[in-house]
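Construct the complete structure from the given sequences, taking the supplied hints into account.
Reminder that position 16 of the sequence shown reads as 18 in my numbering, one-by-one numbering, no gaps.
It is worth saying that the hints were derived from the structure and are not from the lab. Any given hint could turn out to be false.
As the list claims (entries may be wrong) - Calculated pairs, DSS-like style, for lysine-lysine (alpha carbon to alpha carbon, straight line, at most 25 Å):
no., residue 1, residue 2
1, K25, K73
2, K197, K254
3, K211, K100
4, K72, K83
5, K157, K72
6, K73, K83
7, K100, K83
8, K211, K254
9, K100, K183
10, K100, K25
11, K152, K100
12, K157, K73
13, K23, K72
14, K197, K183
15, K83, K183
16, K91, K183
17, K72, K152
18, K72, K25
19, K251, K183
20, K251, K100
21, K73, K152
22, K83, K157
23, K211, K183
24, K100, K73
25, K211, K197
26, K254, K183
27, K83, K211
28, K72, K91
29, K91, K73
As the list claims (entries may be wrong) - Restraint ranges, calculated between C-beta atoms of paired labels, are given here:
no., residue 1, residue 2, range
30, S192, M123, 39 to 47 Å
31, Q170, H89, 34 to 42 Å
32, R266, Y55, 13 to 21 Å
Beta carbons: idealized from backbone N, C-alpha and C, even for Gly.
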Amino acid sequence: MHTELPRPSLGVLNLAGGEEKFKLSRHAAADALSFFVKHYWIVSWDCADDQPYLQHVVPNPCVNLVVEPKKTFIYGPSTRKFSYLIHGKGIVFGVKFKPGGFYPFLNQPVSNLLDRPLEVMSILDLDGPEPEEMILSCATEQDMVGAMDKLLLPKMPPQDEQILYVNQMIDYIANEHDISKVDQVCDRFSIHIRKLQRLFDQYVGISPKWVIRLHRLQNAAEMMDRRLPMDLARLSTELGYHDQSHFIKDFKAVVGCTPDEYRRTLQGI
Numbered sequence: 003m004h005t006e007l008p009r010p011s012l013g014v015l016n017l018a019g020g021e022e023k024f025k026l027s028r029h030a031a032a033d034a035l036s037f038f039v040k041h042y043w044i045v046s047w048d049c050a051d052d053q054p055y056l057q058h059v060v061p062n063p064c065v066n067l068v069v070e071p072k073k074t075f076i077y078g079p080s081t082r083k084f085s086y087l088i089h090g091k092g093i094v095f096g097v098k099f100k101p102g103g104f105y106p107f108l109n110q111p112v113s114n115l116l117d118r119p120l121e122v123m124s125i126l127d128l129d130g131p132e133p134e135e136m137i138l139s140c141a142t143e144q145d146m147v148g149a150m151d152k153l154l155l156p157k158m159p160p161q162d163e164q165i166l167y168v169n170q171m172i173d174y175i176a177n178e179h180d181i182s183k184v185d186q187v188c189d190r191f192s193i194h195i196r197k198l199q200r201l202f203d204q205y206v207g208i209s210p211k212w213v214i215r216l217h218r219l220q221n222a223a224e225m226m227d228r229r230l231p232m233d234l235a236r237l238s239t240e241l242g243y244h245d246q247s248h249f250i251k252d253f254k255a256v257v258g259c260t261p262d263e264y265r266r267t268l269q270g271i
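In structure tokens, the structure reads:
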């Protein structure tokens, strides 16, 4: 039986504010797919009488298969903030693969997908409009989840143990907030930096340096989203930055504004 998953923001900026405009739910895939798939996600909205709303997302090191009217593609990880304009009425269904989890479906370096969306035909043997009709016409979210399971299960490749190894590394980066250098990951997993870089290029699609950076910035945004009083200098130190200006530069490069500007936006200043 499918269950809706807990809802951390996972890079969705100002999720609490966004949920005044849309509904976000996450669902587990079929057990057999869980080795490859992190979860399914569904975003739906009906704001025909409201002003358009621009939602921003700090990317995760994951591949997403996105089912959307006339825009169904497979998207690789990115190093840039993603923005989506919500207006009118709509629904989008997504498959978030685990880091490295899409490589066995692709059988080529995931870095090839950087800024180059992939047609779903190459994986599902279906044109974009076909999964759109099969998924988005379902009456309930559970029906949508079941329909995607049926599409992916016959295409499921053999399990690749390297995926487990990659996810151990990324979990380490995500959970140890003082990780700031790739060398720390190399030391923890006794792997040469060049081998680590090749592994991430092949399985993840972005470099380990970028994975570290994105997780730190996602943590920073989530802490500010809670609207707790905080010293940004102290926050940058807690996130492993030895120089606050470096933190500000990274945050602005990915999020599009400085940490102080982002916090003021949350406060409505």
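Hint-by-hint comparison with the structure:
1. Distance check on the hinted pair: K25 and K73 sit about 20 Å apart at the alpha-carbon level, within 25 Å; holds.
2. The straight-line distance between the Cα atoms of K197 and K254 is roughly 30 Å, outside the 25 Å bound, and the hint therefore fails.
3. Restraint check for K211 and K100: satisfied, since their Cα atoms lie roughly 18 Å apart, inside the 25 Å limit.
4. Under the criterion of a C-alpha separation no larger than 25 Å, the hint pairing K72 with K83 is consistent with the structure, at around 22 Å.
5. Taking the CA atoms of K157 and K72, the gap is about 23 Å. The hint holds against a cut of 25 Å.
6. Under the criterion of a C-alpha separation no larger than 25 Å, the hint pairing K73 with K83 is consistent with the structure, at around 19 Å.
7. Between K100 and K83 the alpha-carbon distance is near 19 Å, which keeps this suggested pair within the 25 Å criterion.
8. Using a Cα cut-off of 25 Å, the hinted pair K211 and K254 holds, with the two alpha carbons roughly 17 Å apart.
9. Simply put, K100 and K183 have alpha-carbon atoms about 22 Å apart, close enough for the 25 Å limit, and the pair holds.
10. For the hint linking K100 to K25, the alpha-carbon distance of about 23 Å falls within 25 Å, and the restraint holds.
11. At roughly 19 Å between alpha-carbon atoms, K152 and K100 fall within 25 Å of each other, so this suggested pair holds.
12. Of the supplied pair hints, the one linking K157 and K73 holds, its CA atoms being roughly 21 Å apart against a limit of 25 Å.
13. With a C-alpha separation of about 22 Å, the suggested pair K23 and K72 falls inside the 25 Å cut-off, and the hint holds.
14. This hinted pair checks out: K197 and K183 have alpha carbons roughly 16 Å apart, not beyond 25 Å.
15. Restraint check for K83 and K183: satisfied, since their Cα atoms lie roughly 22 Å apart, inside the 25 Å limit.
16. The straight-line distance between the Cα atoms of K91 and K183 is roughly 44 Å, outside the 25 Å bound, and the hint therefore fails.
17. Between the alpha carbons of K72 and K152 the distance comes to roughly 21 Å, so the proposed pair stays at or under 25 Å and holds.
18. A C-alpha spacing of about 21 Å is found between K72 and K25, which places the hinted pair at or below 25 Å, so the restraint holds.
19. With a C-alpha separation of about 17 Å, the suggested pair K251 and K183 falls inside the 25 Å cut-off, and the hint holds.
20. Restraint check for K251 and K100: not satisfied, since their Cα atoms lie roughly 28 Å apart, outside the 25 Å limit.
21. Annotation: proposed proximity of K73 to K152 holds, straight-line Cα distance about 21 Å (limit 25 Å).
22. With a C-alpha separation of about 30 Å, the suggested pair K83 and K157 falls outside the 25 Å cut-off, and the hint is violated.
23. Pair hint K211 plus K183 holds up; C-alpha atoms about 7 Å apart against a cutoff of 25 Å.
24. With a C-alpha separation of about 22 Å, the suggested pairing of K100 with K73 holds against the 25 Å cut-off.
25. Proximity of K211 to K197 is assessed by CA-CA distance (about 14 Å); at most 25 Å being required, the pair is judged to hold.
26. Straight-line distance between C-alpha atoms of K254 and K183 comes to about 20 Å, which keeps the hinted pair within the 25 Å bound.
27. At roughly 16 Å between alpha-carbon atoms, K83 and K211 fall within 25 Å of each other, so this suggested pair holds.
28. For the suggested pair K72 and K91, the alpha carbons sit about 15 Å apart, so the restraint of at most 25 Å is met.
29. Restraint check for K91 and K73: satisfied, since their Cα atoms lie roughly 16 Å apart, inside the 25 Å limit.
30. At roughly 41 Å, the beta-carbon separation of S192 and M123 lies within the given 39 to 47 Å, and the hint holds.
31. Between Q170 and H89 the beta carbons are some 41 Å apart, a value that agrees with the proposed interval 34 to 42 Å.
32. At roughly 19 Å, the beta carbons of R266 and Y55 sit within the given window of 13 to 21 Å.
Consistency with the previously given hints fails for numbers 2, 16, 20 and 22, ordered from lowest to highest.
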